[in-house]
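J.: Sequence:
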Amino acid sequence: MATLQMYMDQSRIDNTFTSDVYSEVWGRDLFVDNSVGRIRKILVHCPGEELNQLKDGAFEEEAGARILKDPKGRIRNYWKDEKLPDLPKMQEQHHVLTKILTDAGIEVLSFTDPTGYWTNLTYTRDIALMTPKGVILNRFAMYFHQGETRLAQRFFAGQDIPIVGAIQGTGTMEGGSFSMLDAHTAVVGRSVRINDEGIAQLRSLLSYQGIDLIVVDIPAYYIHLDETFVPVDRDKVLASTFILPFWFLKLLKDRGYQIIECDRDDPMMTNNCIAIAPGKVLLSDQGVRTRKNLEKAGVEVIPVPYTEIFKLGGGIHCSTLPLLRDHVDMVGDPGPLKA
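Just so it is clear: in the sequence shown, position 296 is 296 by my numbering, and no numbers are missing.
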């Protein structure tokens, strides 16, 4: 028997990620290794009847928002307005977004909850982290997100997207604070939603793919990195320079990135845009000053009306999770992380 097993050992796969077998098994060997390559497949959720539950909430002055709680007093969602959501308007604005995506040749998939209980599905970005070799599932800090991990697990399994890890235990992580800067570098924003244990687990999981992790601290007023920083081209980023730390801006410049200023006089969430191809972004139609900055830098801007969906707490980047992107040689890629 020992002789048989020694013979069989000639077909051992020592590193799944670098083996040709990976593409044989999963149908591809690359999912998302940057944040600007042409998107081929994307995940969204159109705001639905689940948001009607917000009528059972109450506006709380301390929070500056309508707060929905369950019978145990746990917060189930919030809405940044005293008035109830205008659901038809939200759906109309979301339809504009998805039409732009489909017109660009992107396959748009829908993230759903058959129970209708979980009310924050609109922001699909947060459920997971897409990496070159597959998806990392997140563990949320907030109660109102808890059911999304189970839904995400089922979704990714159904799509034959390999689950290459999960944030577990006391670690917390959300996708809005994660960005693949290049094929060998990721950035994560540490905040009230993303803790040190979650970052430590993420660093370990990424290291198996030869990816280094840069950690940026986010001011208390913000929860995600994508409120302040989004790559928009192979050598350009849109950044709120009045928020981000100097060392991070310097690192970007040293790697060859042009930093385009998100104008501080534009509405909050203006920075929360998404590149659907190199140098082509979807941006809030309210960000008129920032749009000029982008266009001056040679970036094509497609304006999107999103005012009602903003009231749920997120923007365009938050509402989209690219599942497949084309590879792009990003400027300043340092190469694989050395063991």
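The hints are simulated quantities; they were obtained by calculation from the structure and are not laboratory data. Cβ atoms here follow ideal geometry from the backbone N, Cα and C, with glycine treated the same way. Hints may contain errors.
Said to hold, decoys possible - Simulated pairs of lysine-lysine, DSSO-like, Cα-Cα distance not exceeding 27 Å:
1. Lys253 to Lys311
2. Lys280 to Lys296
3. Lys253 to Lys296
Stated by the list, open to error - Computed spacing ranges between beta-carbons, pair by pair:
4. Gly64 to Thr16: 44 to 52 Å
5. Glu197 to Arg12: 32 to 40 Å
6. Phe17 to Val215: 17 to 25 Å
7. Lys69 to Thr115: 15 to 23 Å
8. Asp254 to Asn52: 43 to 51 Å
9. Lys83 to Glu197: 36 to 44 Å
10. Arg12 to Gly116: 18 to 26 Å
11. Arg203 to Arg74: 39 to 47 Å
12. Gly73 to Glu107: 39 to 47 Å
J.: Would the hint linking Lys280 and Lys296 be met if the CA-CA limit is 27 Å?
T.: holds (13 Å)
J.: Do the beta carbons of Gly64 and Thr16 sit within 44 to 52 Å of each other?
T.: holds (48 Å)
J.: Mind checking the hinted window 39 to 47 Å against the Cβ distance between Arg203 and Arg74?
T.: violated (30 Å)
J.: Taking the Cβ atom of Lys69 and the Cβ atom of Thr115, is their distance within the range 15 to 23 Å?
T.: Given about 18 Å between the Cβ atoms, the range holds.
J.: Could one say that the CB atoms of Glu197 and Arg12 fall in the range 32 to 40 Å?
T.: holds (33 Å)
J.: Note whether the CB distance of Asp254 and Asn52 lies within 43 to 51 Å or breaks it.
T.: Since the Cβ atoms of Asp254 and Asn52 sit about 50 Å apart, the hinted range of 43 to 51 Å holds.
J.: Within 17 to 25 Å or not, the Cβ separation of Phe17 and Val215?
T.: Between Phe17 and Val215, where Cβ atoms are some 23 Å apart, the hint holds.
J.: Take the C-beta atom of Lys83 and the C-beta atom of Glu197, compute their distance, and say whether it sits inside 36 to 44 Å.
T.: Check passed, 39 Å falls within 36 to 44 Å.
J.: For a C-alpha distance cap of 27 Å, please report whether Lys253 and Lys296 respect it.
T.: Judged against 27 Å, a Cα distance of about 18 Å means the pair holds.
J.: Are Lys253 and Lys311 close enough, with their CA atoms no more than 27 Å apart?
T.: violated (34 Å)
J.: Looking only at beta-carbon atoms, does the pair Gly73, Glu107 fall within the given range of 39 to 47 Å?
T.: holds (41 Å)
J.: So does Arg12 sit 18 to 26 Å from Gly116, Cβ to Cβ?
T.: violated (47 Å)
Hints 1, 10 and 11 from the list above are not met by this structure, while the remaining hints are.
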